[in-house]
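Turn these sequences into a full structure, and let the hints guide you.
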Amino acid sequence: MKYETVIGLEVHIELATESKIFCSCSAKFGGEQNDHVCPACCGMPGMLPIVNKHVVDLGMTAGMMLNCHINRTTTFDKKSYYYPDLPCSYQTTQLFAPVAVNGLVDIETSQGKKQIRIKQIHMEEDAGKLVHDDWSDTSLVDFNRTSVPLIEIVSQPDLHSAEEVIAYLERLRSLLRFARVSDCRMEQGSMRCDVNLSVRPEGSNVLGVRTEMKNMNSLSAIERAIEYETARHIDAIENGTEELVQETRRWDDLKGKSFSMRTKENAGDYRYFPDPNIMPVVIDDEWFDSIKATLPELPEVKKARYMGELGLNEYDAQQLCDSRALCDCFEQAYAVCGNAKEAANYLISDCMNMLNKAGLTADQLTLSGAGLGKLIKLVTEGTVSRPNAKKILAALFEQDVDPETYAKDNGYIVSNDTDLLKTVVKAVVASDPKTVADYKAGKEKVLMALFGRCMKELKGNCDPQTLREVLIEEVMKA
Amino acid sequence: MEKTTLISLEKLNQLRLSDEQRESVLAFFDAQQSRRAELERIDTENVERMVHVMPIMTVVREDVEKKLFTREELQKGAPETVDGYWQVPRLVD
Chain A
1 MKYETVIGLE VHIELATESK IFCSCSAKFG GEQNDHVCPA CCGMPGMLPI VNKHVVDLGM
61 TAGMMLNCHI NRTTTFDKKS YYYPDLPCSY QTTQLFAPVA VNGLVDIETS QGKKQIRIKQ
121 IHMEEDAGKL VHDDWSDTSL VDFNRTSVPL IEIVSQPDLH SAEEVIAYLE RLRSLLRFAR
181 VSDCRMEQGS MRCDVNLSVR PEGSNVLGVR TEMKNMNSLS AIERAIEYET ARHIDAIENG
241 TEELVQETRR WDDLKGKSFS MRTKENAGDY RYFPDPNIMP VVIDDEWFDS IKATLPELPE
301 VKKARYMGEL GLNEYDAQQL CDSRALCDCF EQAYAVCGNA KEAANYLISD CMNMLNKAGL
361 TADQLTLSGA GLGKLIKLVT EGTVSRPNAK KILAALFEQD VDPETYAKDN GYIVSNDTDL
421 LKTVVKAVVA SDPKTVADYK AGKEKVLMAL FGRCMKELKG NCDPQTLREV LIEEVMKA
Chain B
1 MEKTTLISLE KLNQLRLSDE QRESVLAFFD AQQSRRAELE RIDTENVERM VHVMPIMTVV
61 REDVEKKLFT REELQKGAPE TVDGYWQVPR LVD
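As you go down the protein sequences, you meet chains A and B in turn. Residue 1 is where the first sequence starts when you use this note's numbering, and the numbers rise one by one after that. Residue 1 is where the second sequence starts when you use this note's numbering, and the numbers rise one by one after that.
Careful, some of the hints might be misleading.
[To be verified] To be clear about the criterion: a stretch of chain B counts as covered by chain A if any three or more of its residues have a C-beta under 8 Å from a C-beta of chain A, and this derived list gives those stretches:
{"hint": "1", "stretch": "16 to 28"}
{"hint": "2", "stretch": "51 to 59"}
{"hint": "3", "stretch": "63 to 71"}
Keep in mind that the hints were calculated from the coordinates and are not lab data. On a predicted model such as this, the values are computed, not experimentally measured, just so you know. Cβ coordinates follow ideal geometry from the N, Cα and C atoms, glycine included.
Okay, here's the thing in structure tokens:
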């Protein structure tokens, strides 16, 4: 018999805010244990939450990016569960009126294009972190992450393979990073995924027994887990190897197996109720419109524009459109220099190299686009040589300097002194008769050695074409 | 409500009721459920969902990070701490 896998995802996204969702503590990743905490996020009695406006901004932004309906009156609810990483013994989340509902996300796989329905996006607080200490046989609690703002994006069970799941997650990541909702760094836990999976005979519209794998944080692990879990379900159905029960399972990527954690809770077990401490959040027209006005052009629209209007090839356009920061820098640079190809080249090769060396991602680029544009103008006008442009770019990468001023201060302006050029070339030619003889004998490549030495003597401050012409002239005279 | 559901709720709420208490609680829930059934007979089609009894909305704050307390201040009342962590009895999930 042929089977169909049915998958729904719950994706947790940590929002790009400075402070936590209900208090002013830092929401930054890391830090010394319990250094980003206050009585509110530690759940001390009498402390009341105050909603961070930017969390609602980002919740709405995510909803709009995923084509959702935005609930103009959105409310918070309490979800009860006892665990020491949750100091209030409840999580403040949204059940009855989440910020966004009924969305659609386009994905593309080897099977073609498809739309995945979004059930809802709700805002909520993260839990803390537990460290189990074997030495003292105790657990240690760190509340830094408690109350860090999250959105949870709940899809309908529209996904049917690991390939579709990966395409969906990559699409979410691209859209949300582009809209600056989150950095979506799976390795830091700012994007985590719960996979709900069941299997049914192909053609059936009755869902099978559903299992949930929680907190998956790597695409490759998700792919392996889906393949394993699908095979386990089919084996249980066909061969009766085990009884399938609705439960939460843990994926062990090293062992390549999933293990039962606990029987799956139902909504009733969490005893949700409206949070009496937080009044409804009402999104008026002005607030709604202000968020709508900040939505970015979608990556694929940008890519088409870069290729169609600016003449970039597909590779360059795609590289830029992988990151909003690269796109913003590129567009600012292009506005100044009017040279799309040069701007793309500097960003994709030189800037990406510098980011990699600094251990940063493209989204962490802070280079001034206007500065890059000015630098490209200096290069294309012949005021600065390409080798020296790289040195200026490195300075621009570190600090917001004016490229022209920096070039002047550091002696990087191309010299128009032809007498100096000829003197240097003559000296280099006179010092190396063997290379000169080789060139005259037909070994044209050796000219580059002489060219390089001249360039070094001139500290890069000459027009390469002029240097080449003078060099050939002097070599032939020698 | 079934007795098994109540036992499950007891577990969730970390309570242990006597049989007598269970009977009393079950009778209470039965009464609540019949009231709820009465309410559900009311036609609420096209009635806007009420989110609060008063026409009131929350205040929001700007996203500004502030450090108002030190770890030491917060942990003054903690029974046990280790290296800045709160220490609690071992948990096995």
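Comparing the hints with the structure gives:
1. Interface restraint, the stretch 16 to 28 of chain B with chain A: violated (0 residues with C-beta to C-beta distance below 8 Å; minimum three).
2. Residues of the stretch 51 to 59 of chain B lying with their CB closer than 8 Å to a CB of chain A number 6, which satisfies the three-residue condition for coverage.
3. With 8 residues having a Cβ less than 8 Å from any Cβ of chain A, the stretch 63 to 71 of chain B passes the three-residue criterion, so the hint holds.
In terms of the numbered hints stated before, the structure departs from hint 1 and from no other.
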